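Peer 1: Next come the chains, spelled out residue by residue.
There are 2 protein chains.
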Amino acid sequence: MQEFEDLKKRLGEVSALASAAGILEWDHQTHMPAGGAANRAVQLEVLSKITHEMSVSSETERLLKAAEKSVESLDPDSDEAAFVRIARRDFDHSAKLPTELVSEIARVSALAHESWAEARAESNYSKFAPWLEKIVDLERQVADHLGHTGERYDALLDQYEPGMKAADVRAMFDAIKPTSVALVKAIVERGPNAVDDSVIKRDFDEAKQLAFGEAVIKEIGFDFERGRQDRAVHPFCSSFTSGDVRITTRFDRNFLSMALFGTIHETGHALYEQGVAPRYDGNTLGGGTSLGVHESQSRLWENLVGRSRAFWTHFYPSLQSTFPESLGDVAPERFYRAVNKVEPSLIRVEADEVTYNLHIMLRFEMENDLLEGRLEVKDAPAAWNAKMQEYFGLTPPDDAQGILQDVHWSMASLGYFPTYSLGNIISAQLFAQANTDLGGVSAQIERGEFAPLLGWLRENIHQWGRKYTAGELLQRITGKSLDTDPYLTYLKTKYGDIYGL
Amino acid sequence: MQEFEDLKKRLGEVSALASAAGILEWDHQTHMPAGGAANRAVQLEVLSKITHEMSVSSETERLLKAAEKSVESLDPDSDEAAFVRIARRDFDHSAKLPTELVSEIARVSALAHESWAEARAESNYSKFAPWLEKIVDLERQVADHLGHTGERYDALLDQYEPGMKAADVRAMFDAIKPTSVALVKAIVERGPNAVDDSVIKRDFDEAKQLAFGEAVIKEIGFDFERGRQDRAVHPFCSSFTSGDVRITTRFDRNFLSMALFGTIHETGHALYEQGVAPRYDGNTLGGGTSLGVHESQSRLWENLVGRSRAFWTHFYPSLQSTFPESLGDVAPERFYRAVNKVEPSLIRVEADEVTYNLHIMLRFEMENDLLEGRLEVKDAPAAWNAKMQEYFGLTPPDDAQGILQDVHWSMASLGYFPTYSLGNIISAQLFAQANTDLGGVSAQIERGEFAPLLGWLRENIHQWGRKYTAGELLQRITGKSLDTDPYLTYLKTKYGDIYGL
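From first to last, the protein sequence lines are chains A and B. Under my numbering, the first sequence has 381 at position 381, and the numbering climbs by one with no breaks. Under my numbering, the second sequence has 43 at position 43, and the numbering climbs by one with no breaks.
The hints are simulated quantities; they were obtained by calculation from the structure and are not laboratory data. Quantities reported herein were computed from a predicted structural model and do not represent experimental measurements. Fair warning: there could be bad hints in the mix.
Copies of the same chain are indistinguishable here, so a pair counts whether it falls within one copy or spans any two.
Said to hold, decoys possible - In silico DSS-like cross-links for lysine-lysine, where the CA-CA straight-line distance does not exceed 30 Å: (1) Lys8 x Lys341; (2) Lys494 x Lys134; (3) Lys127 x Lys492; (4) Lys201 x Lys341; (5) Lys134 x Lys378; (6) Lys96 x Lys9; (7) Lys492 x Lys65; (8) Lys49 x Lys8; (9) Lys127 x Lys9; (10) Lys8 x Lys134; (11) Lys49 x Lys96; (12) Lys49 x Lys65; (13) Lys165 x Lys492; (14) Lys134 x Lys9; (15) Lys378 x Lys201; (16) Lys494 x Lys96; (17) Lys127 x Lys96; (18) Lys165 x Lys65; (19) Lys480 x Lys127; (20) Lys480 x Lys49.
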């Protein structure tokens with residue numbers, strides 16, 4: 001097995017460089033002073049160039065081929081065989097991309113992120129537009145290098161959700177759209193006051209929000225010895241190994257949900273990463289298997305757990321005593337309803353569960369149009385606003401609350417958004433299965449027992465890292481491929497109850 | 001000049017990787033959760049291996065030779081000629097060190113730092129000893145690879161203070177020792193109550209200490225748009241370019257000096273780095289020219305400025321109003337005397353100006369003995385304590401306050417300490433010259449005018465980065481080589497006044 005060990009050592013070095021770049025990106029978005037931006041772009045460009053060169057070098061290819069031979073006789077389900085299989089997939093993907101293109105993307109996206117942050121702060125799209133222009137062009141090149149049979153989107157999406165196609169995304173949206181639209185319609189008909197969420201828009205001291213959020217996620221299972229939380233413009237989770245997983249959050253003094261559910265959401269991602277088997281640390285099988293599965297973990301904790309009646313039966317007394325002035329007069333049920341208010345709105349990350357996927361459809365369509373040249377960057381804000389009107393009956397008052405709201409495009413992550421909707425659907429499919437396997441998950445949550453659910457997720461998903469694809473995991477766990485039924489049932493049941501439909 | 005540009009590009013990439021490693025080290029000591037240590041060691045090992053390989057590769061050598069040819073006809077004082085000259089010095093230094101040794105040091109020191117921090121927290125030398133053993137062995141190998149004519153110390157010191165020898169260090173100590181010892185003796189004879197420093201050992205809220213310190217360094221000239229301050233076990237300054245310079249500090253609620261003067265000290269380093277010409281950013285001429293010159297900047301701001309009567313004439317009213325309960329009854333002169341109390345003590349970083357260099361002599365001698373095999377690692381704590389008894393008449397109550405107090409050995413930085421004493425001496429030589437050139441620096445400081453002094457330092461030292469060596473700078477500025485007289489005059493005048501000698 002010397003061949004296997006040699007490949008593992010080599011790819012361990014590649015992973016170390018990639019996670020070093022990850023630290024630089026984390027620093028970039030959390031602590032770096034403004035004056036560091038220019039050098040950070042150079043650092044990331046050089047690192048990505050070297051990482052890419054190493055990962056596609058003839059030496060790596062030679063080691064990969066030798067390792068492939070050496071594991072031929074092993075059980076395909078062994079760690080070694082899986083390692084080599086995923087290493088091959090990574091190699092073939094990277095080898096299609098010229099190093100110059102990869103490092104150019106790293107450089108441009110570092111600078112673009114800076115411009116996006118400024119543009120968003122000033123609600124000034126023209127500051128970001130030239131960078132978006134560059135990024136769309138670079139992403140087209142990526143898609144064309146990776147190869148596709150007509151839709152560039154397929155190639156980009158595959159990087160985040162191996163095996164998924166734009167057509168699958170459309171099918172997924174087709175399956176959930178009728179129920180979603182009908183639900184939204186029925187809820188809107190109940191009038192804007194059917195659920196009153198004014199109580200979560202009262203005054204909530206930031207330091208207390210932080211302390212409460214950290215107490216909640218510690219209780220759920222976030223390990224602060226192997227992670228930390230910081231502030232950032234846009235919340236995210238970065239993992240460097242299972243021993244170092246970092247989340248970020250942001251606060252709104254007059255909107256409790258932002259930090260609270262944002263923190264629980266990122267914790268869902270972090271629990272996945274902290275739960276990957278340590279033997280996979282710092283190498284090919286480490287980390288989450290796909291963004292869809294990743295998002296299933298964040299949405300499961302944020303929504304199916306964090307916005308459930310059971311969760312607040314357990315946590316509401318301590319929340320209430322943290323904010324006696326703002327919540328002292330608010331009964332638990334009123335709070336539960338408030339955090340589940342459904343309302344067409346402008347900002348994706350604050351959207352309720354029912355309207356959320358409409359935000360994703362909008363982005364999916366726009367990305368597609370930008371990539372295929374059906375939409376110009378200069379016309380994108382107008383297109384955004386038109387779709388917002390069509391789907392939500394709303395027009396953003398400015399671009400900060402419109403096209404500039406998300407960080408993804410500044411990071412050259414086109415093709416990423418559909419994994420959010422995929423995550424919603426998988427989260428419900430998994431939760432239903434966990435409930436069957438464990439029996440009465442809600443009752444456990446009500447008693448503040450999170451270990452059974454977390455243990456089930458660790459056992460069935462987290463520990464495997466990248467060993468199994470999303471589809472393989474779903475088959476292993478539920479005996480089925482992607483199934484939208486549990487998600488639709490979940491939505492109809494929960495919101496039927498809240499809105500008395 | 002294409003040859004020059006090619007070399008510059010190559011070395012810019014090397015610098016980017018080195019500063020990326022710098023960020024990882026900064027993160028390691030400020031924010032990294034404990035679980036990240038193992039992967040951090042791998043990241044730093046791989047990065048240092050690649051950085052070293054790139055810096056000594058045949059391609060770099062080829063570019064260097066071509067660039068040397070291309071600048072032959074230029075003014076030797078031009079940036080281009082200086083760039084190539086320093087690049088050659090760096091190349092020759094690095095080329096002597098095998099890549100495996102360099103990456104082994106990176107790996108070991110990352111792990112050793114972790115063990116040192118634990119060993120210090122528990123005051124348990126045995127936890128650190130095996131790492132120190134490894135580090136001494138590695139540093140011997142470094143010295144032997146770099147080459148020396150008998151004393152390994154020469155080779156190690158030269159890395160921090162180009163051109164300086166162990167014999168120069170001895171000569172420097174010989175020049176300052178008689179005055180230092182006589183001063184200490186005279187001061188000790190005045191009795192322990194000649195100066196009362198109990199007032200700075202009262203209660204000082206940490207958050208207020210932080211706010212006051214940051215206000216002070218902002219006023220002095222620290223640019224928070226191009227830097228930041230964090231907490232760390234051991235205070236330090238890291239610079240990645242002139243646009244991103246970070247300092248750290250630590251607090252003692254019952255000892256005001258620790259954070260206050262620690263912050264001003266690190267700010268001295270940071271002002272140097274923030275003042276380097278931006279055209280040198282991210283390449284060979286960026287950063288400080290030597291550790292001695294660096295330390296001259298930190299000691300100048302910490303001591304010659306920060307512990308002067310003039311400084312507190314300006315700042316004391318606001319300090320007093322920050323801590324009315326602890327300082328309301330303390331007159332300015334009493335405070336000035338308190339922060340300048342001379343007393344043989346255990347901890348180097350808290351030592352007064354008069355005894356400080358004795359701490360350095362101790363470390364210089366011990367490092368020498370360890371490197372030459374005259375002292376075994378297992379016997380080092382006893383040797384430390386014996387020297388403490390000899391120089392200070394004190395015995396550390398535990399190793400945390402003895403041999404484990406400094407971070408340097410855990411970072412494999414043997415040969416580094418003498419640059420602290422060198423910095424003391426240079427700081428006085430520069431301050432005397434600044435005073436001559438500007439006229440009445442003290443009066444300016446008293447009025448809160450720091451711009452003239454900072455401007456003088458920027459003009460004469462900071463902007464030049466690594467272009468001139470320490471010796472060249474001193475010649476350019478003062479027309480002399482290193483001169484201990486201004487330092488001795490400074491000590492005698494200041495402490496003669498305070499202690500009425």
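Peer 1: Against this structure, judge whether each hint is valid.
Peer 2: Hints versus structure:
1. In this assembly of identical chains, Lys8 and Lys341 lie within 30 Å of each other by CA distance neither inside one copy nor across copies; the values are 49 Å within and 58 Å between.
2. For a Cα distance limit of 30 Å, the shortest separation of Lys494 from Lys134 qualifies neither inside one copy, at 43 Å, nor across copies, at 62 Å.
3. With identical chains, the CA atoms of Lys127 and Lys492 are never at most 30 Å apart, being 42 Å at best within one copy and 60 Å at best between copies.
4. Proximity of Lys201 to Lys341 under the C-alpha cut-off of 30 Å is restricted to the intra-copy arrangement: shortest distance 12 Å within a copy versus 55 Å between copies.
5. In the homo-oligomer, the alpha carbons of Lys134 and Lys378 lie at most 30 Å apart inside one protomer (12 Å), although the nearest pairing across protomers, at 60 Å, exceeds that limit.
6. Taking the shortest alpha-carbon separations for Lys96 and Lys9, both the intra-copy value of 23 Å and the inter-copy value of 26 Å come in at or below 30 Å.
7. In the homo-oligomer, the alpha carbons of Lys492 and Lys65 never lie at most 30 Å apart, since the shortest distance is 51 Å inside one protomer and 73 Å across protomers.
8. In the homo-oligomer, the alpha carbons of Lys49 and Lys8 lie at most 30 Å apart both inside one protomer (20 Å) and across protomers (17 Å), since each shortest distance falls under that limit.
9. In the homo-oligomer, the alpha carbons of Lys127 and Lys9 lie at most 30 Å apart only across protomers (29 Å), although the nearest pairing inside one protomer, at 44 Å, exceeds that limit.
10. Only between protomers do Lys8 and Lys134 lie at most 30 Å apart by alpha-carbon distance; the minimum there is 27 Å, versus 36 Å within a single protomer.
11. In the homo-oligomer, the alpha carbons of Lys49 and Lys96 lie at most 30 Å apart both inside one protomer (14 Å) and across protomers (27 Å), since each shortest distance falls under that limit.
12. In the homo-oligomer, the alpha carbons of Lys49 and Lys65 lie at most 30 Å apart both inside one protomer (23 Å) and across protomers (25 Å), since each shortest distance falls under that limit.
13. Within a single copy, Lys165 and Lys492 get their C-alpha atoms as close as 28 Å, which meets the 30 Å cut-off; across copies the closest is 80 Å, which misses it.
14. In this assembly of identical chains, Lys134 and Lys9 lie within 30 Å of each other by CA distance solely across copies; the values are 23 Å between and 36 Å within a copy.
15. In the homo-oligomer, the alpha carbons of Lys378 and Lys201 never lie at most 30 Å apart, since the shortest distance is 36 Å inside one protomer and 63 Å across protomers.
16. For a Cα distance limit of 30 Å, the shortest separation of Lys494 from Lys96 qualifies neither inside one copy, at 46 Å, nor across copies, at 70 Å.
17. For the identical chains of this complex, Lys127 and Lys96 are neighbours neither inside a copy (32 Å) nor across copies (49 Å), given an alpha-carbon limit of 30 Å.
18. When the C-alpha separation of Lys165 and Lys65 is checked against a cutoff of 30 Å, the pair qualifies only within one copy, where the shortest distance is 29 Å, while the shortest distance between copies is 53 Å.
19. With identical chains, the CA atoms of Lys480 and Lys127 are never at most 30 Å apart, being 47 Å at best within one copy and 53 Å at best between copies.
20. Proximity of Lys480 to Lys49 under the C-alpha cut-off of 30 Å is found in neither arrangement, the shortest distances being 40 Å within a copy and 47 Å between copies.
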